[in-house]
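Those sequence lines, one after another, are chains A and B. All you need for our numbering is the position in the first sequence, starting with 1, plus 19. All you need for our numbering is the position in the second sequence, starting with 1, plus 19.
Source of the hints: derived by calculation from the structure; they are not laboratory data. Please note that a few of the clues may not be correct.
You can't tell identical chains apart in this list, so a pair holds if it fits in one copy or across any two.
As the list claims (entries may be wrong) - In the EDC-like style, the derived pairs of lysine to aspartate or glutamate whose C-alpha atoms are separated by at most 20 Å in a straight line are:
no. : residue 1 : residue 2
1   : Lys21     : Glu44
2   : Lys164    : Glu205
3   : Lys21     : Glu240
4   : Lys21     : Glu49
5   : Lys21     : Asp241
6   : Lys164    : Glu85
7   : Lys281    : Glu150
8   : Lys21     : Glu191
2 protein chains.
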Amino acid sequence: MKTYLDCIPCILRQALESARTVSSEPLLHEQMLRYALQTLVDQDLTQSPPVIGQLVHRRLRELTGEADPYRAAKERFNRLTLQMLPELTAFVENAADSFESAVRLAIAGNVIDLGVHGDLDEEHVRRFITEAQSAVLTGDVGRFKSFVQQAEKILYLTDNAGEIVLDRLLIERLPLSRVTVAVRGEAILNDATREDAQTAGLDRLVRVMDNGSDAPGTLLEDCSQSFQRCFHESDLIIAKGQGNFETLSQTPGNIFFLFKAKCPVIAAHAGVPLNAMVIQPTEYTASI
Amino acid sequence: MKTYLDCIPCILRQALESARTVSSEPLLHEQMLRYALQTLVDQDLTQSPPVIGQLVHRRLRELTGEADPYRAAKERFNRLTLQMLPELTAFVENAADSFESAVRLAIAGNVIDLGVHGDLDEEHVRRFITEAQSAVLTGDVGRFKSFVQQAEKILYLTDNAGEIVLDRLLIERLPLSRVTVAVRGEAILNDATREDAQTAGLDRLVRVMDNGSDAPGTLLEDCSQSFQRCFHESDLIIAKGQGNFETLSQTPGNIFFLFKAKCPVIAAHAGVPLNAMVIQPTEYTASI
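Chain A with its partners taken away, still in its complex shape (with noise of 0.2 Å):
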């Protein structure tokens, strides 16, 4: 997905945010959003927002001088996750569809994302998780189904930290042997990298490994080769959240992205309801 100029404004708004929210200095946060302004300005926009993302919270951690400047948030919301995983995990196994079930909590997790909303508690994270079990999907999941039935190499791609642990929900009723999870290369805002996936216990399930890349979704030009080489070679991908759906709707393959519409922008690139619980393949994907 391009750049739309509804991006910009929220693209400095998500820069100023993110400053306030790893520090409580007004000088940085005046720093951030002048570079912010300042990479903007040049900025080819038939690139997908996560590269600016990418260049922002670099400069952000380099500001800081914190390499991972979320740790703190991204530990909060994976504890409020392991709290609710035994209900949700006898909720799932309770369910008259178990895999429609486990589809949905993973969609639900999406809403832990502090590239959207800073300011996310986890009273809105309990609730939405909860209404998320009977909310509309937009999609089709017996169709996402039958891919994971039929498919050799399954690569899921996660997103945030919280998040990651909800995956594990539906990760758990994939043929596990046939599964590899990624996740980010190095820490970019809340976003899920190796130690969340251990935490989520994902490395004693499946394989995990990482992307190589700091990009707020899947830059795959700028991702390690051995991920490239995993990434093609499989012939299901499921796709967590906004930043992958911004960075790969337009890349073949049999990709299905599994995100809350949580923007505008995104609702309608997509072709979806605003805030919408979305299951949506690529337009490349056929069969296999």
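Please build the complex by placing chain B on the supplied structure of chain A, with the hints as guidance.
Okay, now just chain B, sitting in the frame of chain A:
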């Protein structure tokens, strides 16, 4: 009022919204947004937001080749409020306190602000004006009234077209021979100019002058000598709207601001709730 960091994303959003309001040409939308970005990169943030608004709207007029791109919108809101005027005049005349009722409606008219809400519709304006007749006023109308009664020279700074028709309800209750009404010197957004003062019938009631400037507020150093003289000679200045508040909130003089606090940054700066109908003197206002 300085330009707060939160104003930056909002200024960009407004620049884009303005471009879309006056043109359906996507290239122009991008040019406007890039111009606003370029302007903001090196902006001195101790200046008030209307300093940037002035530059952005000059560029918009250049790019569209239209000297007054909001003329149609201004006429539409003038017509709407003129239609409502007989009914509102009767309401004010029959009110227990006609002066306060007129203050209330003059502030209510400030909802007509295409700088804040480019998509404002007539239904919204009509509903807000009706509600404002009984809404809470934040400020001391009695103190304002005593200034009005004692002032030798009153300068009334108008804000938007449409709104200026409702200003007439209040202006009619001022000592007319001592009142000068000022409008913007050139077309800027949907702000009122001489043409709108005439449409509202103000030129038949009081002295009307323009301020010689195309800023969406009152940047004194940018105004004509004759306006500046009138400003400094007046012992009461009634300043309508957010733009006049932003540009004059730190200016010495007996200035009463009458506006609807539509923006969270301005509301915080003024120390009032968001969406409050505000009547507030500057900290410099003492006595006459």
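Intra/inter-copy verdict for Lys21 and Glu49 if alpha-carbon distance must be at most 20 Å: between (27 Å within a copy, 14 Å between copies)
Intra/inter-copy verdict for Lys21 and Glu44 if alpha-carbon distance must be at most 20 Å: The answer is between: 18 Å across copies meets 20 Å, while 33 Å in one copy does not.
Status of Glu240 relative to Lys21 across identical chains (alpha carbons, at most 20 Å): Within one copy only: 16 Å inside, 43 Å across.
Alpha-carbon proximity between Lys21 and Glu191, which holds within one copy, between copies, both or neither at 20 Å: neither (34 Å within a copy, 54 Å between copies)
Alpha-carbon proximity between Lys164 and Glu205, which holds within one copy, between copies, both or neither at 20 Å: So Lys164 and Glu205 fail the 20 Å test inside a copy (31 Å) and across (63 Å) alike.
Lys164 and Glu85: within-copy, between-copy, both or neither at 20 Å Cα: neither (41 Å within a copy, 57 Å between copies)
Homo-oligomer pair classification [Asp241, Lys21; C-alpha up to 20 Å]: within (17 Å within a copy, 40 Å between copies)
Identical-chain pair category, Lys281 with Glu150, by Cα at 20 Å: within (16 Å within a copy, 33 Å between copies)
Going down the numbered hints, you'll see the structure goes against 2, 6, 8, while the others check out.
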